[in-house]
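**Student:** Chains as they are written, first to last, in this note's numbering: chain B, 1 to 160; chain P, 1 to 160; chain D, 1 to 160.
Worth flagging that the hints you see were computed from the coordinates, not collected in a lab.
There may be inaccurate statements among the hints.
Because identical chains share one entry, a pair is satisfied inside a single copy or across any pair of copies.
[Claimed, not checked] Straight-line alpha carbon distances no greater than 25 Å define the calculated DSS-like cross-link-like pairs of lysine-lysine that follow:
1. Lys-113 with Lys-152
2. Lys-113 with Lys-153
3. Lys-110 with Lys-152
4. Lys-153 with Lys-110
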Amino acid sequence: MTTTSEVSTRELAELVEQRKIERVLYDYAYFLDMNLPDQLVRLFTEDCYVAYGPDFGATGRDAYRETLDGIGTFFAATSHHVSNVVVTFSDDMTSASVRSVLYAWHRYTKEGKADGYFFGQYHDNFVRDGEHGWRFARRELRASGVVDFHVKKQIPIGRA
Amino acid sequence: MTTTSEVSTRELAELVEQRKIERVLYDYAYFLDMNLPDQLVRLFTEDCYVAYGPDFGATGRDAYRETLDGIGTFFAATSHHVSNVVVTFSDDMTSASVRSVLYAWHRYTKEGKADGYFFGQYHDNFVRDGEHGWRFARRELRASGVVDFHVKKQIPIGRA
Amino acid sequence: MTTTSEVSTRELAELVEQRKIERVLYDYAYFLDMNLPDQLVRLFTEDCYVAYGPDFGATGRDAYRETLDGIGTFFAATSHHVSNVVVTFSDDMTSASVRSVLYAWHRYTKEGKADGYFFGQYHDNFVRDGEHGWRFARRELRASGVVDFHVKKQIPIGRA
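Chain B extracted, bound-state conformation (with noise of 0.2 Å):
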């Protein structure tokens, strides 16, 4: 039990290391609202996976970069809402797994078309190198449930 006399080296590396990953979090949040896919995908490793669902994804950020230029033309604007995030560290602190909870708001530039809501979580694997800090190695998007939304099969949260 960590009393005030007692605080573990290691605990304050993981506080310290989990506030950088929550950084990369947040930036990849705001690249997205903000529509900078090039800033956006410098947060991913070169070897990454990300999934947004079971039919949608990519192998490689050169082919997640592909899949991010319609953003900008399918998106009018976006709201990214990150919270409830978990960090788990691997023995050495070079690699994260870390789960998290999403609220995101879709206005699409389809006139007519109702704003998209989607609930869910994030699943990341985090790597660090010396050069580059944390990234994610792959990146998880699963749906507890969406509105209006343009993405009609998701990964499931898997519900019991």
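Add chains P and D to chain B, keeping to what the hints say.
**Tutor:** Okay, now just chains P and D, sitting in the frame of chain B:
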């Protein structure tokens, strides 16, 4: 005023313990959305008190567990988004008062029933011991407001 | 690269101070939702600048306080959900730039008026001194988009 050359051990201990408490808050939301009530109740002490409304609460973990039976039959899906977490520790850091904000979306199993939305605050008392770490001793949900929600009477936040 | 045997004092100091800044962000939301404008304005410096829209802002705490009179009469209820908090400190850690994301729900006192929703970003400048701790020196609210919101013109987030 904290400078880079002086960081108090107490402040660091609070950071470490707050991260653990946040983990419990987020696991609660996760187990709820995943419909895992048996794992959810383990986050509570045996003599816990839980209040979801003025006429809807439970004293003791066993009684609370019974109220959770309906999660899987009543809801087709839910999504709980917890943010604005503020933790105040007791002097000996074995208990804490925790305030947070909840946005929750509910899809009902009943056909034709509109999705329900909840906006409000959690007011929690946490306790910890060497065996279980931090657990909920008391959880109270207060509403700022609701949209198409199934519970008709809420504990108000007490807006002035 | 941080390891368990090396955590910099600067990084720890930033964690400690970030927690304090987040507390101010969350107290702002709390006082707003609780309709406690007198407590809310104490989170701001006397010469603060607050901009809620291109035509709706205030210079100085007294002028800002006047704009808050309508909270209790205009809104029946609100709920402010703040997440994605990114803090960048000045070298001497007496000021900080803070970016966060807001989802806000508004119920109006005017009968028949649909609830208003706001999706956007806060861009804040914080300063601290030994007497008051961290306070808002500048707060600017930018919109990704709104639904049935009462303010017709927003400061845009500047989406590319």
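**Student:** Have a look at Lys-113 and Lys-152 and pick one of within, between, both or neither, based on CA distance no larger than 25 Å.
**Tutor:** Close inside one copy (15 Å) and across copies (21 Å); limit 25 Å.
**Student:** With identical chains treated as interchangeable, where does the CA-CA distance between Lys-113 and Lys-153 reach 25 Å or less: within a copy, between copies, both, or neither?
**Tutor:** Both. Shortest intra-copy (18 Å) and inter-copy (22 Å) distances satisfy the 25 Å Cα cut-off.
**Student:** How would you label the pair Lys-110, Lys-152 (within, between, both, or neither) given a Cα cut-off of 25 Å?
**Tutor:** both (17 Å within a copy, 22 Å between copies)
**Student:** Are the CA atoms of Lys-153 and Lys-110 at most 25 Å apart within a copy, between copies, both, or neither?
**Tutor:** Close inside one copy (20 Å) and across copies (22 Å); limit 25 Å.
Comparing the model with each earlier hint shows no violations; every hint is respected.
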